[in-house]
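Could you put the whole structure together from the sequences, leaning on the hints where they help?
So the protein sequences, as listed, match chains A and B. Going by our numbering, 58 is the number at position 58 of the first sequence; the sequence numbering is gapless. Going by our numbering, 35 is the number at position 35 of the second sequence; the sequence numbering is gapless.
Among the clues, some could well be false.
Stated by the list, open to error - Covered stretches of chain B (chain A as the covering partner; in silico rule of three or more C-beta atoms under 8 Å from a C-beta of chain A):
{"id": "1", "stretch": "19-32"}
{"id": "2", "stretch": "74-85"}
{"id": "3", "stretch": "207-219"}
{"id": "4", "stretch": "335-344"}
Claimed, not checked - Ranges of calculated distance between the beta carbons of each label pair, as one might list FRET restraints:
{"id": "5", "chain 1": "B", "residue 1": "V123", "chain 2": "A", "residue 2": "T349", "range": "49 to 55 Å"}
{"id": "6", "chain 1": "A", "residue 1": "G15", "chain 2": "B", "residue 2": "G29", "range": "42 to 48 Å"}
{"id": "7", "chain 1": "A", "residue 1": "H347", "chain 2": "B", "residue 2": "G98", "range": "46 to 52 Å"}
{"id": "8", "chain 1": "B", "residue 1": "G83", "chain 2": "A", "residue 2": "E191", "range": "39 to 45 Å"}
{"id": "9", "chain 1": "B", "residue 1": "G83", "chain 2": "A", "residue 2": "D66", "range": "57 to 63 Å"}
{"id": "10", "chain 1": "B", "residue 1": "E51", "chain 2": "A", "residue 2": "T349", "range": "44 to 50 Å"}
{"id": "11", "chain 1": "A", "residue 1": "A338", "chain 2": "B", "residue 2": "Q185", "range": "41 to 47 Å"}
{"id": "12", "chain 1": "B", "residue 1": "R5", "chain 2": "A", "residue 2": "S69", "range": "39 to 45 Å"}
{"id": "13", "chain 1": "A", "residue 1": "P53", "chain 2": "B", "residue 2": "T2", "range": "50 to 56 Å"}
{"id": "14", "chain 1": "A", "residue 1": "D30", "chain 2": "B", "residue 2": "T195", "range": "52 to 58 Å"}
{"id": "15", "chain 1": "B", "residue 1": "Q185", "chain 2": "A", "residue 2": "K234", "range": "49 to 55 Å"}
{"id": "16", "chain 1": "A", "residue 1": "K234", "chain 2": "B", "residue 2": "R5", "range": "57 to 63 Å"}
{"id": "17", "chain 1": "B", "residue 1": "S280", "chain 2": "A", "residue 2": "P362", "range": "43 to 49 Å"}
{"id": "18", "chain 1": "B", "residue 1": "E357", "chain 2": "A", "residue 2": "L26", "range": "55 to 61 Å"}
None of these hints come from the bench; they were simulated from the model. A virtual CB, placed ideally from N, CA and C, is assigned to each residue, including glycine.
Single-letter residue listing:
Number of protein chains: 2
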Amino acid sequence: MTDYRKLRVALLGAGAVGSQVAALLLRHGDELADRAGASLELAGIAVRDLEAPRETDLPKELFTTDAESLIVGADIVIELMGGIEPARTNILQAINSGADVVTANKALLATHGPEIFDAADQVGAQVYYEAAAAGAIPIIRPLRDSLAGDRVQRIMGIVNGTTNYILDRMDTEGAEFLDVLADAQALGYAESDPTADVDGYDAAQKAAILASLAFHTTVPLDSVHREGITRIDKTMMDAARHAGYVIKLLAVCERIAGDQESISVRVYPALVDRSHPLASVHGANNAVFVQAEAAGNLMFYGAGAGGVQTASAVLGDVVSAARRHIAGGVGVGESTRANMPIVPIGHVTTRYQITLEVADQPGVLATVAGILSEGRVSIATVEQTVTGEDAVTARLVIGTHKALENDLSETVDRLAASGVVQRVVSVLRVEGD
Amino acid sequence: MTDYRKLRVALLGAGAVGSQVAALLLRHGDELADRAGASLELAGIAVRDLEAPRETDLPKELFTTDAESLIVGADIVIELMGGIEPARTNILQAINSGADVVTANKALLATHGPEIFDAADQVGAQVYYEAAAAGAIPIIRPLRDSLAGDRVQRIMGIVNGTTNYILDRMDTEGAEFLDVLADAQALGYAESDPTADVDGYDAAQKAAILASLAFHTTVPLDSVHREGITRIDKTMMDAARHAGYVIKLLAVCERIAGDQESISVRVYPALVDRSHPLASVHGANNAVFVQAEAAGNLMFYGAGAGGVQTASAVLGDVVSAARRHIAGGVGVGESTRANMPIVPIGHVTTRYQITLEVADQPGVLATVAGILSEGRVSIATVEQTVTGEDAVTARLVIGTHKALENDLSETVDRLAASGVVQRVVSVLRVEGD
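Pasting the structure below:
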């Protein structure tokens with residue numbers, strides 16, 4: 001075996017991903033050395049509690065509670081603890097002691113990305129985070145490098161496996177949200193506190209990271225509009241299916257033309273045409289659909305989560321970091337010089353599907369159409385069906401042309417207060433055209 | 001605007017891709033500078049004939065026939081001439097005069113890759129070739145970097161747009177090969193000499209490049225088994241559809257377990273189950289399906305050809321090369337230290353579908369089954385239908401379990417000579433499980 005230069009690798013965290021990373025580093029050490037051109041020596045694994053139960057046969061002597069000592073002298077620090085602190089402090093320590101950093105920490109990057117990237121820039125270190133946006137799917141390098149000469153127009157991403165699993169089962173089995181959620185929790189697909197997933201926080205963090213890469217600009221997490229899937233019920237699913245759609249939780253990152261170009265970054269459940277490639281992303285899988293000016297339509301598909309899957313992305317970053325150490329030179333910083341304004345959700349233009357319950361009597365459709373027209377919301381399709389046993393209530397499903405979110409929401413308010421609308425059943429955006 | 005360091009970019013070739021690269025470099029110069037951290041100055045465009053007609057409004061003063069003078073003093077050389085010479089000589093000149101190289105030249109890389117990569121290693125230059133394997137689809141960086149910590153088990157790629165266009169129209173319209181080919185030629189999807197596409201040469205070059213990246217080993221082009229699509233006819237398409245398959249020209253790169261691991265790299269038309277993600281890749285699109293030990297199944301989808309689409313990949317490489325120039329350090333060489341043996345096609349194991357015309361008389365199925373069993377080819381499914389007006393000929397469609405190619409081809413020869421088989425209608429491999 002070639003006598004490679006040794007690089008010391010410090011691992012912070014031994015959870016589902018961390019323990020897989022450690023196991024693969026040890027198991028495939030020779031192979032990884034040949035690829036990296038450097039021997040990757042796992043110097044230790046920092047954990048909070050040495051006695052915590054772990055389903056792993058990693059050598060006990062690798063574990064330590066002293067993250068700081070481990071970081072000092074490491075060439076590459078892998079941060080897989082998650083959360084903001086002490087991850088942030090440890091990463092800054094690693095950078096300032098000359099290490100490159102590999103992290104899967106989307107929450108940290110979405111909130112403290114600029115601080116961390118600036119610190120790396122100042123010392124010529126590099127931060128790798130392929131695992132932070134879509135699990136095992138290689139999407140960071142394609143956006144950061146392969147598409148760096150192109151102009152991304154729009155990203156539509158299914159970037160949260162838990163919600164896709166839930167929505168997919170609601171769609172295919174006609175199940176209710178809470179029943180599938182309970183199942184997902186029992187199977188380990190959803191946390192006991194499912195908020196981060198079902199309320200869209202996880203997807204919003206990933207959307208901020210993807211938009212920043214795609215548009216070469218800084219995207220603060222609080223500029224990402226976020227809606228979860230808890231309001232999606234069987235009725236909405238059935239109606240979507242009937243109309244040829246499926247409901248997906250989408251992270252949409254969009255370039256908006258204008259005197260000054262701007263962008264929109266938003267996460268919400270949206271109707272996607274069944275013929276769209278994103279519609280056939282089933283189960284807990286993820287996919288990122290990218291529309292670029294020159295490249296056209298691209299899609300990246302794979303496992304969005306899972307310990308061993310995410311470990312694949314982490315180890316790819318470790319090999320990259322090792323290659324960079326051997327090659328010399330400073331790290332390549334983040335490209336965020338575009339300084340794109342980020343528009344609030346009210347300024348976004350999409351198509352909508354509005355479902356209303358109205359009194360089944362003459363003149364109602366004319367009144368509804370009038371309110372929409374006054375509100376600058378143009379109707380593309382209308383379907384009216386009589387519902388209920390009384391036969392006095394009708395259901396009106398209206399598909400709109402592209403309309404401004406502000407106009408749409410004011411119009412829906414006016415519809416609700418109009419007297420002829422008994423109930424606004426649902427208002428969903430339509431994405432993917 | 002920031003005062004960036006200037007990098008001189010030399011472009012060799014002004015065809016469909018080259019002219020788009022030049023136009024985008026000029027149009028988006030400021031934006032690309034912000035991303036690269038360097039100003040990309042198009043120093044000139046080398047062409048063979050200054051007077052050749054070009055559909056472009058690029059400044060005339062950029063054009064030159066003196067490639068050598070342009071290369072000397074360039075920081076980045078983009079080679080888009082295609083073919084072996086003078087591309088090879090020019091690339092070696094560029095490397096030896098200190099430039100990084102960006103190329104989309106699959107024919108050159110598949111045949112002279114090691115020579116070019118070695119030359120780059122010796123001077124610390126880097127060769128970028130994102131556009132060489134699947135047009136605009138980012139697949140080189142994912143394989144080279146993102147999956148460098150994983151073990152790729154298999155790649156199945158639809159990497160030739162022309163043949164996918166032809167097979168897709170044969171499938172959806174029930175058309176014959178030669179008719180669709182003529183159409184494709186009229187539309188500009190196929191060359192007047194379609195050999196490179198329909199005989200699988202283009203796909204074989206891409207397969208060699210992908211396999212080399214995926215398995216970190218050198219893959220000589222002549223070790224790639226290659227079959228084209230010219231023998232695929234309407235009857236075979238119809239039979240495939242009837243059995244729930246679609247026929248795709250696949251580039252298969254596969255790791256084979258054993259005392260010593262080996263790989264197989266092969267290009268042929270294969271049956272793909274309609275539920276497989278590759279089955280829904282329509283028209284001239286490309287897709288690369290990757291199965292990796294840790295990451296699981298991934299798919300990369302997009303436009304596999306086209307001037308402006310390919311230009312996207314080329315410009316991403318130009319930005320990467322510029323960033324590397326600014327960051328300093330030497331180039332990261334190719335990872336080919338695995339030295340994997342490449343097995344001949346006869347040692348490959350796949351499933352098969354064998355379609356035979358047999359005499360419709362007692363005992364035939366038993367004879368056929370006996371020959372298969374003796375040949376170590378295990379039957380998974382059989383369907384027998386009576387064909388022809390005479391009602392004395394039956395069609396037998398046999399799906400096999402996994403069998404060794406050598407066993408299978410000997411068995412088919414024995415079937416053909418058995419007396420009970422009137423005609424071997426088709427033998428197709430089944431991929432994707």
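Evaluation of the provided hints:
1. Note: the stretch 19-32 of chain B has 5 residues with beta-carbon separation from chain A under 8 Å; the three-residue rule is met and the coverage holds.
2. With 0 residues bearing a CB less than 8 Å from a CB of chain A, the stretch 74-85 of chain B misses the requirement of three and the coverage assertion fails.
3. Given as covered by chain A, the stretch 207-219 of chain B fails the check, having 1 residues with a CB less than 8 Å from a CB of that chain where 3 are the minimum.
4. Counting residues of the stretch 335-344 of chain B whose beta carbon lies closer than 8 Å to any beta carbon of chain A gives 3, which reaches the threshold of three, so the coverage claim holds.
5. At roughly 52 Å, the beta carbons of V123 (chain B) and T349 (chain A) sit within the given window of 49 to 55 Å.
6. The hinted range of 42 to 48 Å is satisfied by G15 (chain A) and G29 (chain B), whose Cβ atoms lie roughly 46 Å apart.
7. Hint check: H347 (chain A) to G98 (chain B), Cβ distance near 49 Å, so the stated range 46 to 52 Å holds.
8. Checked against the hint of 39 to 45 Å, the pair G83 (chain B) and E191 (chain A) fails, with Cβ atoms roughly 56 Å apart.
9. As the Cβ distance of G83 (chain B) to D66 (chain A) is approximately 60 Å, the hint placing it in 57 to 63 Å holds.
10. Between E51 (chain B) and T349 (chain A) the beta carbon distance is about 48 Å. The supplied range of 44 to 50 Å therefore holds.
11. Distance hint check: the CB atoms of A338 (chain A) and Q185 (chain B) are about 43 Å apart, consistent with the given range 41 to 47 Å.
12. Checked against the hint of 39 to 45 Å, the pair R5 (chain B) and S69 (chain A) passes, with Cβ atoms roughly 40 Å apart.
13. Between P53 (chain A) and T2 (chain B) the C-beta distance comes to about 53 Å, which sits within the given range of 50 to 56 Å.
14. Distance hint check: the CB atoms of D30 (chain A) and T195 (chain B) are about 43 Å apart, inconsistent with the given range 52 to 58 Å.
15. Checked against the given bound of 49 to 55 Å, the beta carbons of Q185 (chain B) and K234 (chain A), roughly 52 Å apart, stay inside it.
16. Against the hinted window of 57 to 63 Å, the Cβ-Cβ separation of K234 (chain A) and R5 (chain B) comes to about 60 Å, which satisfies the hint.
17. The supplied range of 43 to 49 Å is met by S280 (chain B) and P362 (chain A), whose beta-carbon atoms lie about 46 Å from each other.
18. At about 57 Å, the CB distance of E357 (chain B) to L26 (chain A) agrees with the hint of 55 to 61 Å.
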